[in-house]
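A.B. asks: Make the full structure from the sequences, and use the hints.
Chains as they are written, first to last, in my numbering: chain A, 9 to 148; chain B, 9 to 148; chain C, 9 to 148.
Bear in mind the hints are in silico, worked out from the structure with no lab data behind them. Mixed in with the good hints, there may be bad ones.
Where chain A lies over chain C, by a calculated footprint (3+ residues, C-beta under 8 Å) [said to hold, decoys possible]: (1) 11 to 23; (2) 100 to 109; (3) 115 to 129.
The beta-carbon is built from N, C-alpha and C at its ideal position, and this holds for glycine as well.
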Amino acid sequence: MLRQALHELTLATRGRDFYEFTHAVAELVGQSRMQTGLCTLHLRHTSASLLIQENADPEVRRDFERFFARLVPDGDPLFEHTAEGDDDMPAHVRTALTAVNLSIPIAAGSLALGTWQGIYLWEHRTHPHRRQVTVHLLGE
Amino acid sequence: MLRQALHELTLATRGRDFYEFTHAVAELVGQSRMQTGLCTLHLRHTSASLLIQENADPEVRRDFERFFARLVPDGDPLFEHTAEGDDDMPAHVRTALTAVNLSIPIAAGSLALGTWQGIYLWEHRTHPHRRQVTVHLLGE
Amino acid sequence: MLRQALHELTLATRGRDFYEFTHAVAELVGQSRMQTGLCTLHLRHTSASLLIQENADPEVRRDFERFFARLVPDGDPLFEHTAEGDDDMPAHVRTALTAVNLSIPIAAGSLALGTWQGIYLWEHRTHPHRRQVTVHLLGE
Numbered sequence: 009m010l011r012q013a014l015h016e017l018t019l020a021t022r023g024r025d026f027y028e029f030t031h032a033v034a035e036l037v038g039q040s041r042m043q044t045g046l047c048t049l050h051l052r053h054t055s056a057s058l059l060i061q062e063n064a065d066p067e068v069r070r071d072f073e074r075f076f077a078r079l080v081p082d083g084d085p086l087f088e089h090t091a092e093g094d095d096d097m098p099a100h101v102r103t104a105l106t107a108v109n110l111s112i113p114i115a116a117g118s119l120a121l122g123t124w125q126g127i128y129l130w131e132h133r134t135h136p137h138r139r140q141v142t143v144h145l146l147g148e
Numbered sequence: 009m010l011r012q013a014l015h016e017l018t019l020a021t022r023g024r025d026f027y028e029f030t031h032a033v034a035e036l037v038g039q040s041r042m043q044t045g046l047c048t049l050h051l052r053h054t055s056a057s058l059l060i061q062e063n064a065d066p067e068v069r070r071d072f073e074r075f076f077a078r079l080v081p082d083g084d085p086l087f088e089h090t091a092e093g094d095d096d097m098p099a100h101v102r103t104a105l106t107a108v109n110l111s112i113p114i115a116a117g118s119l120a121l122g123t124w125q126g127i128y129l130w131e132h133r134t135h136p137h138r139r140q141v142t143v144h145l146l147g148e
Numbered sequence: 009m010l011r012q013a014l015h016e017l018t019l020a021t022r023g024r025d026f027y028e029f030t031h032a033v034a035e036l037v038g039q040s041r042m043q044t045g046l047c048t049l050h051l052r053h054t055s056a057s058l059l060i061q062e063n064a065d066p067e068v069r070r071d072f073e074r075f076f077a078r079l080v081p082d083g084d085p086l087f088e089h090t091a092e093g094d095d096d097m098p099a100h101v102r103t104a105l106t107a108v109n110l111s112i113p114i115a116a117g118s119l120a121l122g123t124w125q126g127i128y129l130w131e132h133r134t135h136p137h138r139r140q141v142t143v144h145l146l147g148e
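C.D. replies: In structure tokens:
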């Protein structure tokens with residue numbers, strides 16, 4: 009019979025960077041003993057993102073950071089909302105351009121991720137933050 | 009026992025702008041009497057977005073609008089699909105760069121949003137439109 | 009009573025382009041005989057996207073391609089991760105700027121898509137690929 013479970017993950021960041029937490033989500037799925045289902049992640053912040061991306065090559069994350077730093081420059085004179093720092097409004101824009109929700113099916117008792125897919129918290133603020141991710145599991 | 013409910017929200021826009029409707033979604037969650045669950049929103053259009061963003065400071069929304077107007081300019085000669093107006097193809101691109109689906113867990117009988125998170129309809133067309141959001145609730 | 013089903017779709021691409029597969033998803037929903045529910049799609053790759061967009065006018069897809077080719081140029085000297093080709097890192101960035109998950113409610117036995125909404129696989133690599141989409145259905 010279908011059932012659900014709700015968890016909260018707290019991730020400490022050391023400023024702007026990618027933080028993989030695939031293992032923490034996989035552990036919750038394993039503990040649930042659900043064989044088939046759906047795992048939904050929601051990040052409760054407006055200046056960081058959830059991203060599924062290549063987990064093999066660290067160059068990929070450096071290129072991502074360089075691309076987004078050029079696309080949404082810190083301190084861009086276009087921005088009026090600067091009271092919380094040069095990186096604040098760019099952090100909001102980066103968040104809108106990516107995602108704060110992810111939904112990943114559960115198959116054969118595991119997250120149905122592709123071979124190269126890892127789940128990352130992408131911190132967009134330059135200072136360290138504590139970030140909360142709500143994890144909803146549905147399945148049987 | 010798990011159950012579900014389906015609702016349709018109609019939002020009238022006055023042209024390109026942000027329209028917060030967190031309260032309307034929260035009301036549906038409250039009426040459902042679900043304590044734990046998942047709330048999924050789907051916008052049935054290709055030229056407007058659903059966005060979770062900061063609901064405190066109106067400067068943030070003005071900066072968003074300025075950034076996207078520069079990134080995807082109305083009347084850009086790059087675009088061939090212009091029969092419906094200078095803002096039509098930019099509206100499709102803005103939609104693809106953001107989202108039309110959101111999935112937010114329900115915890116302790118409420119949407120598990122962060123302190124600063126509000127749910128917005130972001131209208132990308134310059135003329136007023138009626139926009140439909142389908143709301144799926146799952147929980148118990 | 010609520011139940012779920014899990015399916016895997018394999019889509020063969022002929023390189024960078026849009027591939028509509030709304031009909032394949034609709035067929036799974038029809039076979040499930042679910043009247044009300046939620047359909048979640050997850051693409052198991054990091055260099056292609058799932059996109060809901062206008063299915064009427066092929067100009068729209070050509071304009072999308074031109075816009076993204078300008079925004080994230082192949083062979084951009086900014087990128088360090090080039091071992092797999094000039095289009096590899098741009099494919100990852102295009103994927104991050106769009107989505108790999110979609111959640112669409114099921115209403116009256118069908119996907120609750122808008123009149124103009126189609127579901128596309130957007131292949132970002134220039135060479136042909138086989139892409140896998142996991143489809144989770146929940147409903148009754």
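A.B. asks: Hint numbers the structure violates, sorted upward?
C.D. replies: Hint 3 is the one this structure does not satisfy, whereas the remaining hints hold.
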